[in-house]
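Chains C, E and H supply the protein sequences, listed in that same order.
Residue numbering for the first sequence follows our numbering, starting at 2 and increasing by one per position.
Residue numbering for the second sequence follows our numbering, starting at 1199 and increasing by one per position.
Residue numbering for the third sequence follows our numbering, starting at 227 and increasing by one per position.
Note that these hints are calculated values from the structure, not bench results.
There is no bait here: all hints are sound.
Which bits of chain C does chain E cover? Going by a derived footprint, with three or more residues having C-beta under 8 angstroms, they are: (1) 73-87; (2) 102-112; (3) 660-674; (4) 733-745.
No farther apart than 30 angstroms at their CA atoms in a straight line, the calculated lysine-lysine pairs in the DSS-like style are these: (5) H:Lys277 x E:Lys1329; (6) E:Lys1441 x C:Lys369; (7) H:Lys431 x H:Lys650; (8) C:Lys685 x H:Lys277; (9) H:Lys251 x H:Lys501; (10) H:Lys277 x C:Lys722; (11) E:Lys1402 x E:Lys1363; (12) H:Lys414 x H:Lys431; (13) C:Lys262 x C:Lys712; (14) E:Lys1441 x C:Lys262; (15) C:Lys544 x C:Lys382; (16) E:Lys1329 x C:Lys685; (17) H:Lys251 x H:Lys650; (18) E:Lys1203 x E:Lys1402; (19) C:Lys567 x C:Lys529; (20) C:Lys193 x C:Lys369; (21) E:Lys1363 x E:Lys1203; (22) E:Lys1402 x E:Lys1441.
Keep in mind that this is a model prediction, so the values were computed, not measured.
In this text, a Cβ means the ideal position worked out from N, Cα and C, and glycines have one as well.
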Amino acid sequence: MAITRRQFMTYVGGSAAGAVVFQACGVPADELLVQAPVEMPEDLVTGLDNWYATLCRQCSTSEGIVVRVMEGRAKKVEGNIDYPINQGSHSARCEAGLQALYHPDRIRGPMVRVGERGSGQFREISWEDALGRLTEQLQNIQNDGNQSSVVMATDPVGGHLGGVVERFVSKYGGRHMGYEPMERTTVRRAIKHVFGQDTMPDFDIENSNVVLSFGADFLNTWGSPVRHARGYGEFRQGDRERGDFIHVDSRFSMTAANADKWVFVNPGTEGLLALSIAQVIIDEGLGDAAAAQALTNNGRFNLGAFAPDNVAGATGVSAERIHEVAVQFASHGPSVAIGGGSAGAHTNGFANLVAIYSLNQLVGSVNKPGGVILNPTSPFKDVPVTAGVDSFADWHRLAEEMRNGGVQVLMVRDADLFHGLPQATGFKGASFNVPLIVSFSGFIDDTTAMSDLVLPQHNSLEDWGSDIPDAGPGYQTVGFQQPVVRPFFEHRGEHLGTRNFGDTLMAVALGLEMDLELPGDTFQDVLKDGARQLFEENRGSVKAVTFEGFWNGLLQRGGWWDDSKKETHVFAASPLVEVPQASFSNRDFYLMPFATTGIGDGRGAALPWMQATPDPITSATWQTWVEINMHTAEELGISEGDVVRITSDAGSIEALAYPHPGVSPNVVAVPVGQGHIAGGRYAKDRGSNVYSILDASSDSTTGALAWAATKVDIVKTGEWKRVPKLENTVTEPPRDDERLIIEITPLDS
Amino acid sequence: MAENKWGMIVDIDKCIGCQACVVACQSENNIPINEEGHFNQRRAIEWIRIERYWEGEFPNVRARFVPVFCQQCDDAPCEPVCPVYATYHNSEGLNVQVYNRCIGTRFCANNCPYQARFFNFWEPEWPESLKNQLNPDVTVRSRGIMEKCTFCIQRIRRSTREAAKDGQEVEDGDRGMSPACVNACPTHALTFGNLDDSDSAISKQSKEELKQPAGSRPGGRGYHMLEHLGTHPNVVYLKKVDKTAEEHEVHG
Amino acid sequence: MQEHVQLSQKKINDDLLAGVLGMPKWWLGAVGFLLLVIATGIGAYGYEINKGLGVTGLNRPVLWGFYITNFVFWIGISHAGIMISAILRLTQAEWRRPVTRVAEVMTIFSLMAALSNIMFHVGRPWRLFWVYPYDFSRGLFMNIRSPFVWDPSAVMTYLIGSTLFVYVALIPDIAVVRDRATGKFAPKIYGMLCLGWRGTPRQWKLQAIAGILLSALVLPVFVSVHSIVSWDFAVAIGVEGWHSTIFAPYFIIGAIHSGVSAVAMIMALAMWMWKLDNYLRPDHFDAIGRLLIVVATTWFFFFFVEWIFALYTLESPELALRELQVFQAPYMWLFLAFLLTSFFIPVPMWLFKSVRRSPGLMFLSTILVNIGMWLERFLIIIPGLARRQPLQFDWGSYHPSIVEILVVAETFAFVALGMLLFSKFFPIIPIFDMKEGMQVREEIKIGRRIVPASIRETP
Ligand SMILES: Nc1nc2c(c(=O)[nH]1)N[C@H]1C(S)=C(S)[C@@H](COP(=O)(O)OP(=O)(O)OC[C@H]3O[C@@H](n4cnc5c(=O)[nH]c(N)nc54)[C@H](O)[C@@H]3O)O[C@H]1N2
Ligand SMILES: Nc1nc2c(c(=O)[nH]1)N[C@H]1C(S)=C(S)[C@@H](COP(=O)(O)OP(=O)(O)OC[C@H]3O[C@@H](n4cnc5c(=O)[nH]c(N)nc54)[C@H](O)[C@@H]3O)O[C@H]1N2
Ligand code: SF4
Ligand code: SF4
Ligand code: SF4
Ligand code: SF4
Ligand code: SF4
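Build the full structure now, drawing on both the sequences and the hints.
Pasting the structure below:
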């Protein structure tokens, strides 16, 4: 067909007009092209990718991951198959490390506050300037001989970085405090009491026949959920007979949902229940006789008082049930008892956990397949396995000290004190008496927003590091973290952008003319020195002729481990302790705060994938909801989405009601981790912070925050807001009565 | 090269509802961020999702989890209704979705009994820096079109191509080939592989588990979800084991 | 049976062209109002294109909503045209004469409205043409198994067929207008449109044959179109309540029900608007009323049978759907309204001759039917998707957004405007047909009564 020039111009004009119209409607330009052959998915054009092994830092477990990198950009996180803890698997939280790396609200360089404290107004300065300001202040304090007024608060920082921090603080003369929002101080102390160990043990769920757990949401958020879940898969459908799983908890958690039996227990009576189980086992001669002797201190500790009939009332568990659980636990070994979470977060948490973990001694499952596997010590001379964590009582004292002007400089790194410490401590108010708050965090969390000076660290995927997993897999293991991509803000030049935290401290030390006596000038040197120690041991998973070869092997595999190096020494059982009555205020409902699958204890709140991860039980996302018993809610006239005011002695928050059939009528459960005042666009001013209304009660032995010891009242505010959740809001909870979806068999094939 | 037929086994007895698969899929497949509003509008996109079903009430309450995603039905009801062949069956037993072809009638989604199809009501948006994470192997879908689980076809392609380069066939259980959700799952509730390869773990296991009870032999735990609809899925579910439950009659 | 006023040819011409050649006062106002509604609708649609279908109330799993409901509704309405003209013409029912054109024209505009709904509905309307075989060379072809391929083809065929049908019948009347039109352009345009009609016997003969042929040809299309539309649902094995073999005849009879009602409605409107009392007589309404009783009852029978089919199996998903439709708010109220408006109010009304002969009451009752039939489609489509499904996590609900409501309103305004414009430019009562009726009328005596002869046409 012949087209004249004129016609051609007309057509062009016509289609241009069309294009303009479509553009005006917002249709993307490429939509105008007729595209693609039918076999599209097969035609995909791909580039080259690389997978680098490193450590995940999205939660404190620090598991081994591999990161897919294309053209210098991290694309995907997967579990490191080699890494002993997680063996290739990972949790929902790990993937989101990418979103932390590429978060639009990351701190892009050092900053100094310009507005009021807490106003969130900062001005960028150069690293030289920032370091100078901090050094000057520290110098002044040093000149006054007031070094103990300098406090360094961090997350429980372990590995070689922990070493650098300790060295810096002790050389300077300040104090280092470790902070965990849902701290595990109590469980560590109980482990120490029962097993005589500082490190957390491994639970050999995989080879266990009966798992009896108390309070710990160990498949979801407690300890190393990925490791537990991996074992759980084998436990259920491995080569052996299918295991039985009993979960004792005051909240119907994801872990409870997966148990064969969920035993509801009145909050604070977990220890009573455990003692009662011990009583049945000893009484019926099902356990290890020697251990029974030791545990009861040769009969001096009278367990008779805890016979099922005597505790049934207090615990809310029937005597038959207690008996049944005890017999099952003791007679179908190997079995393992796990305790933590809310069971250890009452005022009597320590005693509860001692009773629970002692059950392992009683049935002789310590350091046996299918039981509690003790972990060996660190392969390094100077780096311990356990990172220091301070108890709530310590933080409470610190707040007091701050109020009295005893703290001159508060340095923080990844410890969101302003978010996590209950209002009752008065921490926020006291912080105004601290002249200088410095944050080393790479992200605007609530605490960084309250700081005066920010010296941002790299994202973990851009950074070096190491970790000794605690709990380990039962043998010596060290994870090595390498940068998988170059620092995102590298292009901003060396005066701006982010830095390694260790390097920053070393630069400050240099400014103070303080010799940290570290092997080298950079954190990487410290790390390499650690690696050299392992190289010289010449054992374990990586061996090489040269150190260079060893180093490369180490980074390729993501760490080093020696599965022949185990803990062999088993302590004899130490006597049980009295379980005091847990104390609560006088209100209607027990408040069960819980960490969620997505945002965990709050550390994932900034990441949209984590916010959008449905809670397994409620499928809720992005908000703070309150789980309440279906019928109780009906009585109170509360239906889903009603905004409910939750009031404790310490304050009140609002949350969206989510009634469901799995909550006890005397309990309400609220997820932690929302209600940030900062935290970037995805976290800021979203939901409510349940930490803030916790009573300032603590464990009577360890001083740890008793975060499950608060009671609350609830009232309907009259407002309504849709609960953002995956499941639709329908007239009744979904039940697969005809088993069209989930088929069930009593038989184990 | 031998033909492949990709399939998946989901062991509900292992699945704990941890959502690792869900987020892994979001990350691998450039699924738009599900904002709060998307959930409220019931337009969140999760190619694999965990459904939770209640049984009983407090204190004898149970919640059971089941991962649901495209079952890659051999007789897929979604296919015949698509007017433009945007969804069709490929030679490897996959129900493929050609984004470029889709005109957004949503007919396929109505006809999918598994609710596995997701419509892009909005143009996907990411803050500029978050785009760095997007997987270059996977098209970002514009608004107005349908999407769903692809069994991570980009991974299958990449590994078959790389294997072919070395003159080999893809190996079953090859990690590089495994879909993102399978690699993520901490309990190993998901198994992926070639159903047509008689040596593959998945074909052996699915044969074993799909055995019907006979005589004293209890039969396997395998079943297809909504089997009575005759969609012939390539996903085999393994029954949840619950000693207190009664064997459920096979529904018709 | 015809009561009539014998009118002169001149009077007929004057009356029936009054609308075309004059300009009633309300006309501009009405057109203005409709244009406003249309502009709002187009604006809303522009917004939808700009933002994506997110601006509708659709969600998972209710992925079809107002637009598809409205599509089916307009397809239904369109069926009246052919029903009235073709069937009545073929069966030579005398009372059809003044009614046919209204019905046919309505067919055309409602088909256009229906097609536009498809455009509103899809995610990427700019690619809608892909459902036609347009590009063999690239190996791209539509999937002929999908009803969504047959839909547009059938609707297009129907649209083209009925447009020709109307046009052929219109030619002699255009010639009359041509001869009376004044001004510079009007005579020329009408002259072109009437294809040189001079009224020669050969032309009359050809026109009549073409009319009859087209009637016969369009009839099968009429049956197929709504069958195909019903398959949009009937093939959906995934949706309870849609997957029913009775849907094709059920949809067709439903379409006739709503379509014939719409014709009665528009007849009343036309009568009032263009003062056609001499042409649209109570006996026309009477006749249509009787037809409606038959149609409505047949439709109700199918409706009933469909329910029996559904409930007979006693399958839980089906029961869940029916329960949702009948016992759960808001569908429950809609269902009640649907039953009352589509059957239980109008049919008893029509049983009374006084009602049938009253244009006002006929107008009211047929409006009710159309409300009811719109609801019927809604109640088939939405609860089917929103019902409690096996995967209960995803059963849902649906609230139309303001955008959808505006766009749907636009389709009504569009059809109304189309009719209004048509009746402004062309005679809405077939002039030649009326005259023919006058010519061939003859009274005959049957027993003691004198009745008009039923007329056999002589082509
Ligand atoms: N290393 C190297 N680089 C080069 C070149 C080279 O030879 N070597 N050549 C250069 C030249 S000449 C060119 S033209 C460019 C080409 O560079 P690009 O334009 O990037 O071309 P492709 O990578 O082939 O295709 C881009 C993407 O389009 C997708 N695609 C395919 N069909 C369609 C469709 O219908 N619609 C849409 N939306 N997407 C579709 C593909 O899946 C692919 O992901 O590269 C340039 N860069
Ligand atoms: N399979 C496949 N085919 C494709 C494409 C694809 O992606 N895949 N892409 C298509 C596209 S987008 C393009 S642009 C074409 C490109 O197709 P070609 O234009 O054929 O491109 P090349 O093969 O890159 O280069 C052609 C030749 O130019 C020679 N050459 C290099 N420098 C010079 C010079 O200075 N002078 C002269 N005289 N010769 C020189 C090179 O050695 C080479 O032999 O391919 C198209 N065909
Ligand atoms: S559980 Fe924690 S450390 Fe382990 S991979 Fe997931 S986020 Fe990372
Ligand atoms: S699960 Fe649904 S989307 Fe997937 S093949 Fe089957 S019908 Fe199609
Ligand atoms: S939404 Fe897309 S894939 Fe689905 S039927 Fe319509 S055109 Fe086909
Ligand atoms: S197979 Fe791939 S696309 Fe499908 S659910 Fe798993 S990760 Fe997502
Ligand atoms: S990752 Fe595995 S265990 Fe977790 S929800 Fe998915 S399928 Fe279930």
